[in-house]
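> Residue strings, one per chain:
There are 4 protein chains.
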Amino acid sequence: MEQLHGVIPPVSTPFTDDLLVDTTSLERLVKHLLDGGVHGLFALGSTSETVFLTPKQRNQVLETVVSAAQGKVPVVAGVMAMTTSECVAHGLEAKRLGANGLVLTMPFYTRTSQFETIEHFRLVARATGLPIIAYDIPVCVGNKLAPETLKTLFQEGLIVALKDSSGDDTSLRRLALELRGSAARLLTGSELMVDTALYFGAHGVVPGLGNVDPHGYTRLYQHAVKADWQAAKLEQERLIRLFEIVNAASIPGMSPGANAMGGFKTALMLRGIIASNAVGQPQTRYDEAGVRVVAKLLAEAGLS
Amino acid sequence: MEQLHGVIPPVSTPFTDDLLVDTTSLERLVKHLLDGGVHGLFALGSTSETVFLTPKQRNQVLETVVSAAQGKVPVVAGVMAMTTSECVAHGLEAKRLGANGLVLTMPFYTRTSQFETIEHFRLVARATGLPIIAYDIPVCVGNKLAPETLKTLFQEGLIVALKDSSGDDTSLRRLALELRGSAARLLTGSELMVDTALYFGAHGVVPGLGNVDPHGYTRLYQHAVKADWQAAKLEQERLIRLFEIVNAASIPGMSPGANAMGGFKTALMLRGIIASNAVGQPQTRYDEAGVRVVAKLLAEAGLS
Amino acid sequence: MEQLHGVIPPVSTPFTDDLLVDTTSLERLVKHLLDGGVHGLFALGSTSETVFLTPKQRNQVLETVVSAAQGKVPVVAGVMAMTTSECVAHGLEAKRLGANGLVLTMPFYTRTSQFETIEHFRLVARATGLPIIAYDIPVCVGNKLAPETLKTLFQEGLIVALKDSSGDDTSLRRLALELRGSAARLLTGSELMVDTALYFGAHGVVPGLGNVDPHGYTRLYQHAVKADWQAAKLEQERLIRLFEIVNAASIPGMSPGANAMGGFKTALMLRGIIASNAVGQPQTRYDEAGVRVVAKLLAEAGLS
Amino acid sequence: MEQLHGVIPPVSTPFTDDLLVDTTSLERLVKHLLDGGVHGLFALGSTSETVFLTPKQRNQVLETVVSAAQGKVPVVAGVMAMTTSECVAHGLEAKRLGANGLVLTMPFYTRTSQFETIEHFRLVARATGLPIIAYDIPVCVGNKLAPETLKTLFQEGLIVALKDSSGDDTSLRRLALELRGSAARLLTGSELMVDTALYFGAHGVVPGLGNVDPHGYTRLYQHAVKADWQAAKLEQERLIRLFEIVNAASIPGMSPGANAMGGFKTALMLRGIIASNAVGQPQTRYDEAGVRVVAKLLAEAGLS
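Chains A, B, C and D are the protein sequences, given in the same order.
No gaps in the numbering here: position 140 of the first sequence is 140 in my numbering, and each next residue is one more.
No gaps in the numbering here: position 223 of the second sequence is 1223 in my numbering, and each next residue is one more.
No gaps in the numbering here: position 82 of the third sequence is 2082 in my numbering, and each next residue is one more.
No gaps in the numbering here: position 31 of the fourth sequence is 3031 in my numbering, and each next residue is one more.
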């Protein structure tokens, strides 16, 4: 865990058309990711539609991922819950099921502060005894982990890594420069800016799109490791074009979340990896027109 | 439930110093509220620190409130959960424990839309069969229930009432004017603007501060019912001054949430109604200086 | 100026179809407002489309308003400029042309602070020697005048009044309660919440819609002065319905500003007070469909 | 202008301690920038404190910059005004004084739309006949130029370039990918992310910090042109550390704007290029402690 790096996709959670967890599809997805050469697996993340799962389903998902991973790569588990006690409970459950680390956001719904957030991380770290990855995702949580907070968390040994999904690459870069030489691991959640993040000092990426094309992301990572930026850029640009699958549906009133989850799942379905593109309620499912656009984009990206 | 009106406080959840639910204090609090003449009780709301409770504690709280209410007033239960399926699960549990209605927000954490929100309400309403109160609280949820969405929810019979904690009284007033004559019930969550909300057409209020001074809020409501606006204003102004208890602590880094919950609980403790002013983790607890300020404000409000 | 109160409309600036200032229409508008019993005139405000005027046109407008007012009511002039030196220049020009006071916002475009804002007001007040009305309009300026800042400005005698267009009536009410008994004058810019603002302690209103129906707003004010809240509410509700004229056009891509200015001007044109509903560039002008909707709303409000 | 590229600093406007424009210092600054190898000059930008200047001072500044540039590089002029007619007026004046192009933001203060913004650019482009650079700066303007708007503006030939100060590099990169092969020129305003922006397809940079160290930015640009990313990164990192001069003062209540402008000016003063670090009113001037921190940072960056 202290060496966390490379491509660590947030594993999508396939559903049956009846909205049960489709563990067969999930096993196939994990195999697909391992075949793609990923360096870790992030179960129960935002892209995993974790917040749509029941407690029982969360366990089902994590068990399946841990088992399918066969110990080949570390498995980290998201603990997306509103407050400390629930995060501790999720974290202990994840530990019991074999997670190697936890991914933890700021408290949400409640109006929290940076100061209380440090206490939040301290309590979860102590209670679970697992390595913690701080997850900065203001678009979901409504708050940003301040650079000073992150530095405190690293310095006090409360976190081993950051997953930055804030979209604020300038802030991430400044942090990378300040923390260079320390043990802090920085992962970007911006799947369209992976080459530049690795260039300026990030250690890895957590790409939702990596579900669809893990091979692309690991090639991109290898190019970056060799500082072959020309090749990295070409790969990243292909992936940027592929990312249009998250805007493929054109159903009025559909949410950004449903578009993203549905785009990934539709592509995975078309690639034969999962059985259905169903998404958690009340999200709108991709229609036929959307499926056709995704198919076209897959073909253009060389993935049909 | 179709006649929901008056003062319906969001019942605070007292904790022991060990952060267990203090049911004895909770029973005393419910008695205090009933003595104060409240017209309903809202258990498991934001002011109840619901998101800090475990599933077992949620049940413990609701059972205690329902039992202590002795059927004298309706008890509605918050279902503060991120998505539809969890809200259904919480709602069915609340129904089993005797709640007369549910209080439901938009989905959060996930990036949702107005369209999918209507589906969310539809699914929860159908699955639970209980009357639903829509809860508009952008500061927690990160999204506002649009007036068009609310009108659709009322027209389709998916909700019986709105609890508006958006702070946007102009919007609430326009809605009140449009819905006048319908069965829609409008409750304001703005405890400092109760007289004006009742004046322009709201039917009731859900005041966090009502925990501390239910008698004041029911007096205010009665003045409004009699259109004695001079008396209503004087009462409201006294309560505005009392509300300063939520800014009584001066601990650097303390969150707005901890300030509000802590202010209410400190006042209840000083009034002898609950045993401790402990708040859910990782919130900061009021210090001695804060307690002294609250005591002074209680005295000034004639509540010592 | 120290007695500022009542209805002080932000005088709309009529244009010819060629986008010149139509002074004949402007004179007629001022006469219409005085006939309506207004207690003051606010020239060069946001509703006056001041920012669309050239320096020469600003002077033309202010001269016309001052002259048409014939000293019957105070005329205050907006100094909507980005920074201190420009505000001083506009203010001195307004003083020369006979304005009785200035209406001043926070600096904008530049990223300012509350502290520097106090200095801004100090410099403009000293340089112009005119009474200043602080204008809180976050939707245009991108910043809110903090209550502490306003209290400092009043205490240091740098402002005589506040025009609050923040929409945050709770904050205005708390300020009103704190400043009660002082010389501070509070004016609301929320034309749909005038009765409630007067009820809780505001001294007057600056209603854009007051251009269209000054008689309605002065009736409303008189009802409030007599504490006849039932009559005040009926009048306010009629005006809320009339306010729909700002949503009467349905041209895709039209801005909120163009809708509001265009709605007021179309109504004034239909009432025979101004010659054209032209708005400043690049704003979209109301189309025929929009004009028809405004006509219908005027009829419903008894103004045809 | 159609070949706009490289380092185009927004030229700071030196003031005397009496807040007059210090043209001698300004000439020295332009010479310093030309010595530093810059590829263009952007006068009257945000970093130029343009909004703090009177009309006469704007002309004085532009004349000085045009004259000192001696035709060696293109000079573009900002037209930071609230609305179309003022932008046209500023633009014609800038044209008369020899500007080679204009830098134009969305309308501000007024609540505008993307649709009306296109009309705004159309009117200014037609009236002035000068090449236009769209300036996307949401932090000042309160609105973002949408990618679709930018594509329309490029396609209709209304703009030749974009200066992107939105901080949203993902959006800029997607635009760069879509517009690749067209004549559109993309300049980043993010002075800390220049290497990555040039890497993914931007053509140049408009760095406020380039006033202080133009040699550094032109070296950085040359490394990028040669695709020597290792050298580019080292240079960029040195400049990131130097950028701390914008946080060097520690005066309570000082605005972000005053910090940035003051940091640049203090460094220029210490380097002997301008005479004073005075900033426009009501901004707070750097104190002695701040000056000492800037001196230390300059030394660390090898610039003392």
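FYI, nobody ran anything at the bench for these hints, they're computed from the structure.
Some clues are possibly wrong.
To be verified - To be clear about the criterion: a stretch of chain A counts as covered by chain B if any three or more of its residues have a C-beta under 8 angstroms from a C-beta of chain B, and this derived list gives those stretches:
id, segment
1, 102-110
2, 139-148
3, 193-204
4, 221-235
5, 255-268
6, 271-282
Backbone N, C-alpha and C define an ideal beta-carbon position, used for all residues, glycine too.
> Next, verify each hint and record whether it holds.
Now for the hints, and whether the structure bears them out:
no. : hint    : verdict
1   : 102-110 : holds (count 4)
2   : 139-148 : holds (count 4)
3   : 193-204 : violated (count 0)
4   : 221-235 : violated (count 0)
5   : 255-268 : holds (count 4)
6   : 271-282 : holds (count 3)
When the structure is compared with the earlier hints, violations turn up for hints 3, 4 and for no others.
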